[in-house]
Structure formats: structure tokens, C-alpha cells
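Chemist: From first to last, the protein sequence lines are chains A and B. Note that the working numbering gives residue 66 to position 66 of the first sequence, counting from 1, and the numbers run on in steps of one. Note that the working numbering gives residue 219 to position 219 of the second sequence, counting from 1, and the numbers run on in steps of one.
It is worth saying that the hints were derived from the structure and are not from the lab. Using N, Cα and C, we set each Cβ at its ideal position, and we do this for glycine too. The reader is advised that the hints may include incorrect statements.
What the hints assert, rightly or not - Label-pair distances were calculated between CB atoms; the ranges are:
id, chain 1, residue 1, chain 2, residue 2, range
1, A, F215, B, F470, 52 to 58 Å
2, A, R36, B, F124, 14 to 20 Å
3, B, W14, A, F255, 50 to 56 Å
4, B, W29, A, P109, 51 to 57 Å
5, A, H244, B, G189, 32 to 38 Å
6, A, M39, B, L15, 20 to 26 Å
7, B, P188, A, I218, 32 to 38 Å
8, A, L164, B, R450, 54 to 60 Å
Unchecked claim - Not the full set, but computed from the structure, chain B residues with beta-carbon under 7 Å of chain A:
id, residue
9, E7
10, N9
11, A106
12, D158
13, M172
What the hints assert, rightly or not - The calculated DSS-like cross-link candidates involving lysine-lysine, where the alpha carbons are at most 25 Å apart (straight line), are:
id, chain 1, residue 1, chain 2, residue 2
14, A, K225, A, K61
15, A, K61, B, K22
16, A, K225, A, K149
17, B, K418, A, K61
18, B, K418, B, K494
19, B, K22, B, K494
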Amino acid sequence: MSEPPRDVPVVEEHLSSTPIMVAAGALLLYIGMELRGPMTYVGLAAFIIPLGFLWIREDMKMWNDKFEMPGVAPGHPLGWWGMTFFLATEVMFFASMFAAFFVARAEHPGIFELGHEHLSEALPLVTINTIILVTSGFFYHYALHSVRKNNRTGLTIGLLGTLLLGATFLTIQAREYASLINEGVVFGDGGDAFSNVFYGLTGAHGFHVFLGLVFIFILFVRAAKGQFNAERHLAVDAIGLYWHFVDLVWIGLYFVVYVGVI
Amino acid sequence: MSHGHVETNPVKRWLFTTDHKKIGLLYLWTSFIFFFAAGIAALLVRTELATTGKTIVDETTYYMLYSFHGATMLFLWIIPVAAGFANYFLPLLLGAPDVAFPRLNALSYWTFLGAAILMYMGFFWGLSDLSDAAQAGWTSYPPISSLGHGQVSLHGVDFFIMGIHLIGVSSMIGAINFVVTTLRMRAPGITFHNMSLFVWATFTTSILVIFATPFIGTAQMLNFMDRNFATEFFINSGDPVLYQHIFWFYSHPAVYVMILPPMGLISEVLPRMVRRPIFGYKAIAYSTVAIAFLGFTVWAHHMFTTGIDYRARLAFMIMTMVIGVPTGVKFFNWILTMWGGHLRWEAPLLFAVGFISMFLIGGIDGVFMALIPVDYHLHDTYWAVSHIHYVLFGGAVMGVFAGFYYWFPRMSGRMYGKKLGAWHFWLTMIGLNMVFMTMHFLGTAGMPRRIYDYREIYQTLNLVATIGAFLLGIGQLPFIWNVLSSLRSGTPVKGDPWNIRQAIEWNGFKPINTRDGQGVHATPPTTGGGSD
Numbered sequence: 001m002s003e004p005p006r007d008v009p010v011v012e013e014h015l016s017s018t019p020i021m022v023a024a025g026a027l028l029l030y031i032g033m034e035l036r037g038p039m040t041y042v043g044l045a046a047f048i049i050p051l052g053f054l055w056i057r058e059d060m061k062m063w064n065d066k067f068e069m070p071g072v073a074p075g076h077p078l079g080w081w082g083m084t085f086f087l088a089t090e091v092m093f094f095a096s097m098f099a100a101f102f103v104a105r106a107e108h109p110g111i112f113e114l115g116h117e118h119l120s121e122a123l124p125l126v127t128i129n130t131i132i133l134v135t136s137g138f139f140y141h142y143a144l145h146s147v148r149k150n151n152r153t154g155l156t157i158g159l160l161g162t163l164l165l166g167a168t169f170l171t172i173q174a175r176e177y178a179s180l181i182n183e184g185v186v187f188g189d190g191g192d193a194f195s196n197v198f199y200g201l202t203g204a205h206g207f208h209v210f211l212g213l214v215f216i217f218i219l220f221v222r223a224a225k226g227q228f229n230a231e232r233h234l235a236v237d238a239i240g241l242y243w244h245f246v247d248l249v250w251i252g253l254y255f256v257v258y259v260g261v262i
Numbered sequence: 001m002s003h004g005h006v007e008t009n010p011v012k013r014w015l016f017t018t019d020h021k022k023i024g025l026l027y028l029w030t031s032f033i034f035f036f037a038a039g040i041a042a043l044l045v046r047t048e049l050a051t052t053g054k055t056i057v058d059e060t061t062y063y064m065l066y067s068f069h070g071a072t073m074l075f076l077w078i079i080p081v082a083a084g085f086a087n088y089f090l091p092l093l094l095g096a097p098d099v100a101f102p103r104l105n106a107l108s109y110w111t112f113l114g115a116a117i118l119m120y121m122g123f124f125w126g127l128s129d130l131s132d133a134a135q136a137g138w139t140s141y142p143p144i145s146s147l148g149h150g151q152v153s154l155h156g157v158d159f160f161i162m163g164i165h166l167i168g169v170s171s172m173i174g175a176i177n178f179v180v181t182t183l184r185m186r187a188p189g190i191t192f193h194n195m196s197l198f199v200w201a202t203f204t205t206s207i208l209v210i211f212a213t214p215f216i217g218t219a220q221m222l223n224f225m226d227r228n229f230a231t232e233f234f235i236n237s238g239d240p241v242l243y244q245h246i247f248w249f250y251s252h253p254a255v256y257v258m259i260l261p262p263m264g265l266i267s268e269v270l271p272r273m274v275r276r277p278i279f280g281y282k283a284i285a286y287s288t289v290a291i292a293f294l295g296f297t298v299w300a301h302h303m304f305t306t307g308i309d310y311r312a313r314l315a316f317m318i319m320t321m322v323i324g325v326p327t328g329v330k331f332f333n334w335i336l337t338m339w340g341g342h343l344r345w346e347a348p349l350l351f352a353v354g355f356i357s358m359f360l361i362g363g364i365d366g367v368f369m370a371l372i373p374v375d376y377h378l379h380d381t382y383w384a385v386s387h388i389h390y391v392l393f394g395g396a397v398m399g400v401f402a403g404f405y406y407w408f409p410r411m412s413g414r415m416y417g418k419k420l421g422a423w424h425f426w427l428t429m430i431g432l433n434m435v436f437m438t439m440h441f442l443g444t445a446g447m448p449r450r451i452y453d454y455r456e457i458y459q460t461l462n463l464v465a466t467i468g469a470f471l472l473g474i475g476q477l478p479f480i481w482n483v484l485s486s487l488r489s490g491t492p493v494k495g496d497p498w499n500i501r502q503a504i505e506w507n508g509f510k511p512i513n514t515r516d517g518q519g520v521h522a523t524p525p526t527t528g529g530g531s532d
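The following block holds chain A by itself, in its conformation from the complex:
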């Protein structure tokens, strides 16, 4: 047998310990969700610490090093495309939840009519809340517009406005939940076909708003440090796509679930 040549070049490898740690964290998170009790908190910590600190720290290091993947065609950066296709999965996730909503409504029209009466009482407040969330979208657009023009003050103000309005939206949503629960519209034990799918759908949206606020908070801190400029603001672009998407889902929710146009 002939000996293979020994001139194998040693490839410079990009090693990272975070993927395996985040995946282990995800495993513990799911185990924690199943076992409950203290294990839930262990799981949450095991997932959030590597994802929220190690992963982002690594991102920041790559950002500082101006790391760029070679061989990419000109146009939107890779991250923008990644976010776009991630949002495609999100569209389909909400589509599946809406499908569950429509099926439940078709099968239990009586229960849904009762449920809708509860929602009608809250409709004025929810309308204001809708306007608040939509306005936050405009603030975000102002932030994005500013960073493209290298206007850092505008960026900071826009992000801060988005943050405050988003937090207000969540607060009002929580108050609405509280009053609905007082009226006996509850999730799970004691709930009905309407309440389960209602909380499932709006809760999933609320969770997305919450995540968006976390992202925007990070952007805000980075903007305050002066990290973005007209040339480098991929994160502002990508999170913008996400935030507008969350806005759009709410508009759909508002008209379908609360107003009941479809």
C-alpha cells in the first residue's frame, strides 16, 4: 500500500464552543419545562446564559474584527437574508395558530360568540394598544432612517421610543389578560375552546414582542455606544424586519380575533 503524501495543509479552523453549549442549554431547558420545579430555572439559566452572553459576545467580537464571509455576492448582507427566511418560518408558525383558531371557531360558534362578547368590552383599550404598537413601528422606521443618514441622535431616540411604546403595549396587554381572567376567561384548567386558542395566539404574539424588546434594548445600548453608522448597521436592519413583522401579526390578530372581520 502506498503512503499518501504528507503535505496536507493545516486549515485555519474557526472553533467555537458556544454552539454545543447553547444546544446543551436547549436540552436542559426542555427537560426543565417537563420536570418543573427548580429544574425549570436551571434549564432557563442553562439556555439563556450561553445564548444571551456567550453567543452575543462572540458576535460582537466578530463584529469588532470586521469578520466577513468571503465569496458572498454583492447585495443585502447574509444576516439580512437569514432574518428574512427566519421570518418565513414565523409566518408559517402564526399561520398554523390561526388555522387552529379558525377550526375551533367553526366547531364551537356558541363558545366563540360568548368569548367575543368579553373581548368587545375591551375593544376601545385594545384599539389604543394597536395604535401604540403601530406607532412603535414608525419610531423604529425613524431610527433606521436616521442610521442610514448617519444621524446617531435620531437612531437613539427612535429606538428609545420603540422600546417605551413596546413596553406600554405589553403592560396594557397584561392588564387586559388580568381583567379577562377576572371574568373567568382562563387558559388551561377551567378554560374552553375559545379561551385556550385566544391565549395561545395572543400569548405567542406577546412572547415575540417581548423578545423583540430584548433585541431592541441590545440595539439601544449599542447605539448609545455609537457602534452604528451609515455603513454598518445590519443589526438595525434585521431587527427592523422582525419588529415590523410582529406589528403586522398584531394587526391581523386585531382584525380577526378582536374585531372579527373574517
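Since chain A is already given, all that's left is putting chain B on it; use the hints.
Modeler: Below, chain B without anything else, positioned relative to chain A:
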């Protein structure tokens, strides 16, 4: 990412790698291990069914075994093995330095492994007896998977459900990566009209994963809430058929996620092994897209017997038959590629021809079953088991083996044993026909699937199927031996052993020096001509 310093510890180099080739190899090794584990489960199931009554295992264990077999083969073997090939070869075929998001790529692999552990936590939960593992089949339909409805346990099904959810996350991360890589990182000169057909298959599959996988996430999440938070999405006042709709809206496109990459491998292997350019490149590429698109319009053909509206049934029947058309387009193109070619009857071509002939049987079974009245008779019988195995074993697995033998020299730097390859093919071919053709007869005779015991009249055919299953199992031993021995002492290859000048994935290839355990090659240059 640490730059500029070379890690010498091999454990760290594998655990922390973000290199697409290493991640591809991790995917391949892991999924092949699951393939053999699930294969052993299948042999146990077949042994149990060799005679009426109890043969070796009790009823509960039997349910666990077939659930393990089905779920593992689908979620932990055939989907990830395609991800393994895609990881290794997609960037090479595109002339890209790596995938678009290397760290997410690593995350996708490790999440897949975590999900696999999660799915089978139930096996380890009650160590005294194994009765805590999921027993609800790979579909996990409510109410059999609901608390207090089936006889299934507290944690096992929950872990299984969450494992499926997490593996969905893993495939979506991988799919986003492949789509963005294909769209944005093609080397100059490589376009959508000359890129490899395996890239077309991976790209289309990834689009399917992106648009379909969220649905299985929802199905599992709502089922989890039914089990844990007393909601009633699918049970009591809820609707178990809703679960089936959401589940199959993912799981029907998912069968194309399982078959399109092997079809892409065949389109890659066939022209090289018969020394002719592929016949009808565009027809094959567009039929891939057509299959993916139509794949979203046929899900309810799994549910003809659930009492859904007859107009819906009719529409789904027609769409299901329509999907045979683009598949047929591929078949004729493959046959015409071989027509008048110089056929090299080695393992890759053997398996490619095996794929074409066996998938033909499975595919025609599918059109057959799509007819509503025929489906009423055959639904949930061994006919369905036979159909899925002709499509997924005779089809997808054969395709994977064709691609594996074809690219084994590229991945290992060594040639496989050719005689063992032929033995592997013929034993597989005879074994699989013996077990799965027999199931056709069992199915038309009315033997239901997933049952522990059966009537005397099915005895002989079941025994034949079991013998065939063992032949099929023994047929995989030459493969294992071939891979393990060829990795150590196969003839080293100096370049493309198939002598194809334009095979882009061999650009920058240097044989591996296995002595120092380096599993990496030089990064290929980012320029290259079109393939074929």
C-alpha cells in the same frame, strides 16, 4: 471564533468545529448510528411478528419498539443524513468557502443530537422497567398520545413530543443556512441554470423545511399543553382531526424532504457513472420545484377515513395523482440519461438503478392508494407499511447509499471495497423485496399495521417477511465492514477516482493523511466552472 491559533486537541477540534465538512461528517456518523439502532428495533419487531401470540417481547415493549423504529428512521436518520451530505457537499458544489452561518450550522447539529437524547429520555427515565418510553407511534396522534386516554406514560410521551419540537428547530436552522448559502454564495459562473442538481434538491428541500416545519412545532406544542396544562385543543371538546391536519401539513411535505435529496444524489451520480451528461437538466430541476410546491396540496390524503368533507377528499385525491407527473418526469430523464451510456456497474450505479426500480414500485403504490375507495380498503393495513418502505428504503435509503459510495473517496481519501459494495447491494435488494413485497399481500388481505398479534391466516407470509428482514439486516454487515476497513486501509485516491474532469467538488482535493487524524481538506478555491 478564535483566529490565528491552531487547536491541536482532536476532541476540541470536533466538539467546537464550525467547518462544514466536519459538521457534515458528524451528521453522517450520527445518523448512520441511528440507522443501525432503528434497524435493530425493526428486526426485533419482525421477530415478534414471526409467530402469532408472544414471540419474544410483551405488548408494551412492542409498541415502544415500533415507535422507536419509525421516529428514529424518519427524524434521526433519513432527514439528518441528507443534512450531512448537504453540509459536506453543498459549499463544495457551489464553490463557496463554507455555509453562510457556520456557527448556526454547528448549533443545528448539536441541537439535533440534543433532540435525539430528549426524544428517548423516556427509555432512561424508569430504569427498572422501560415502560416510560413513548408508545404512540411516530405520528403521536392524540388521543393515544394524550394523558389518561392511551395507556402511555407521564414523561415518556412528553419528552418525545419536545424532542420532535427541538428537532424541528434544528432542521429550520440548517435549512435557512442552505437557502442563504445557495442564494448568496455561488462562485462566479455558477448559476441556477448550471448548478449541481443535488444543490437544486437541497435548496428546494430547505424551502420546504422552512415553510412546513413550523406546523409540526405547533402540533407538538399544543399537544404538550393538552397533556400538561389541561387545555383542550385536541381532546374532549377539542378536535383530534385538527392535530392530523396540522401534523400532515408538515409531515406530507416532510416526505419530500426525505426523498428530494436522494433524488438529487441520483441526478448527480447517474450521469457520472454512465459517462453521459444528465438528460433534461432543466426538466429535473423544475420538476423538483413542482414536487415541492404540489407537496403542500396533498396532506389530507392521509386522512380519507377521518370523515372530512367529500369535496375536500376529491380535491386531495386529484392533487395526489397530479404529483406523480413531475416524479415521472424525473424517471424518464434518468432512464434517458442511462440510454446508450457507458454503464459502470459499480456500487453507486447499482444503488442508483436500485433506487429507480424500487422507488417506481413505491411511487405507483402511492398513486394507487390515492384513489379514495382503494384507500378505504388499504388504509392502516400493511399495504401502507409496504408503500412507505418501498419509497423510503427502496427509494431514499438506496439513494443515500448511491451517494455515499460515490462520494466516499471524496470524504475519506480512500476507495471502498468494490466486492463488498456489490454484496451489500444484492443482499439489500433481495432482502427488501422479500420483506416489503410480502407486506403488499398482507395488506390487501387486510392485516392491520401496528398490531401486536394477528390471525393464523397471516402466519406464513409474516414468517417470510421476517426472514426477508433478517436477510436485509445481514445485508448491511458488508457495508459496516466495508466502511470501517476502507477507512483504515482502503486504496488511497489521488484525485477524482471517477475521472470526471468537471466535477467541481474535487477542486482543491488533497488525500487525507489519516495518521494524524486530520479530517479536513484544504478549503477549495472559490472559483470553478459549472458542474456537468
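Chemist: Give a verdict on every hint.
Modeler: Against the structure, the hints come out as follows:
1. Here the CB-CB span from A:F215 to B:F470 is close to 55 Å, well matched to the stated 52 to 58 Å.
2. Look at A:R36 against B:F124: about 19 Å separates their beta carbons, and that is inside 14 to 20 Å.
3. At roughly 51 Å, the beta carbons of B:W14 and A:F255 sit within the given window of 50 to 56 Å.
4. In this structure the supplied range 51 to 57 Å holds for B:W29 paired with A:P109, their Cβ-Cβ distance being about 54 Å.
5. A beta carbon spacing of about 36 Å between A:H244 and B:G189 agrees with the range 32 to 38 Å that was offered as a hint.
6. In this structure the supplied range 20 to 26 Å holds for A:M39 paired with B:L15, their Cβ-Cβ distance being about 25 Å.
7. The hinted window of 32 to 38 Å between B:P188 and A:I218 holds, with their beta carbons roughly 36 Å apart.
8. Judged by the Cβ atoms, the range 54 to 60 Å given for A:L164 and B:R450 holds: they are separated by roughly 56 Å.
9. The interface hint given for B:E7 holds, since its Cβ lies 5 Å from the closest Cβ of chain A, which is under the 7 Å cut-off.
10. Restraint check, B:N9 versus chain A: the minimum CB separation of about 10 Å is more than 7 Å; hint violated.
11. The criterion of a C-beta within 7 Å of any C-beta in chain A is met by B:A106, whose closest approach is roughly 4 Å, and the hint holds.
12. Among the interface hints, the one on B:D158 holds; its C-beta lies about 5 Å from the nearest C-beta in chain A, closer than the 7 Å criterion.
13. Against a cut-off of 7 Å between C-beta atoms, the interface hint on B:M172 holds, since the closest Cβ of chain A lies about 5 Å away.
14. Taking the CA atoms of A:K225 and A:K61, the gap is near 15 Å; set against the 25 Å cutoff, the hint holds.
15. With a C-alpha separation of about 24 Å, the suggested pair A:K61 and B:K22 falls inside the 25 Å cut-off, and the hint holds.
16. Straight-line distance between C-alpha atoms of A:K225 and A:K149 comes to about 17 Å, which keeps the hinted pair within the 25 Å bound.
17. Under the criterion of a C-alpha separation no larger than 25 Å, the hint pairing B:K418 with A:K61 is inconsistent with the structure, at around 49 Å.
18. Of the supplied pair hints, the one linking B:K418 and B:K494 holds, its CA atoms being roughly 17 Å apart against a limit of 25 Å.
19. Restraint check for B:K22 and B:K494: satisfied, since their Cα atoms lie roughly 21 Å apart, inside the 25 Å limit.
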